[in-house]
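Quick note on numbering: the sequence shown equals residues 1 to 73 in this note's numbering.
Only true hints are included.
As a list, the in silico DSS-like pairs of lysine-lysine whose alpha-carbon atoms are at most 30 Å apart: (1) Lys37 with Lys54; (2) Lys44 with Lys11; (3) Lys46 with Lys27; (4) Lys44 with Lys20; (5) Lys20 with Lys37; (6) Lys54 with Lys20; (7) Lys44 with Lys54; (8) Lys40 with Lys11; (9) Lys14 with Lys37; (10) Lys10 with Lys37.
Just the calculated beta-carbon pair ranges, DEER-fashion: (11) Asn67 with Glu8: 33 to 43 Å; (12) Pro33 with Val68: 43 to 53 Å; (13) Asp12 with Asp60: 19 to 29 Å; (14) Ala71 with Asn30: 49 to 59 Å; (15) Asn70 with Leu34: 50 to 60 Å.
I should point out that these hints are in silico values taken from the structure, not numbers from a laboratory. The beta-carbon is built from N, C-alpha and C at its ideal position, and this holds for glycine as well.
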Amino acid sequence: MQVNTLMELKKDQKMWELLKYNSYWYKELNRNPLSLKNYKEDMKNKYRLRTTDKISDAIDNIDLISNVLNALK
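All chains should be built: construct the whole structure from the sequences, respecting the hints.
As structure tokens, then:
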């Protein structure tokens, strides 16, 4: 694996952890270092780090709090 790709992976703990659990990415990143963008997208999908996921989680939390407050009335 190229050094700059390896350094990019080690910067982020979640990226490094995903690489440990999904070893097929080793082969892909060794063969094509430009696939790092695809790797990051896969990481965001698996760990729910996309903006839409964050908004959805925030809405779910607001609904939960609203339901608890309504139950307390």
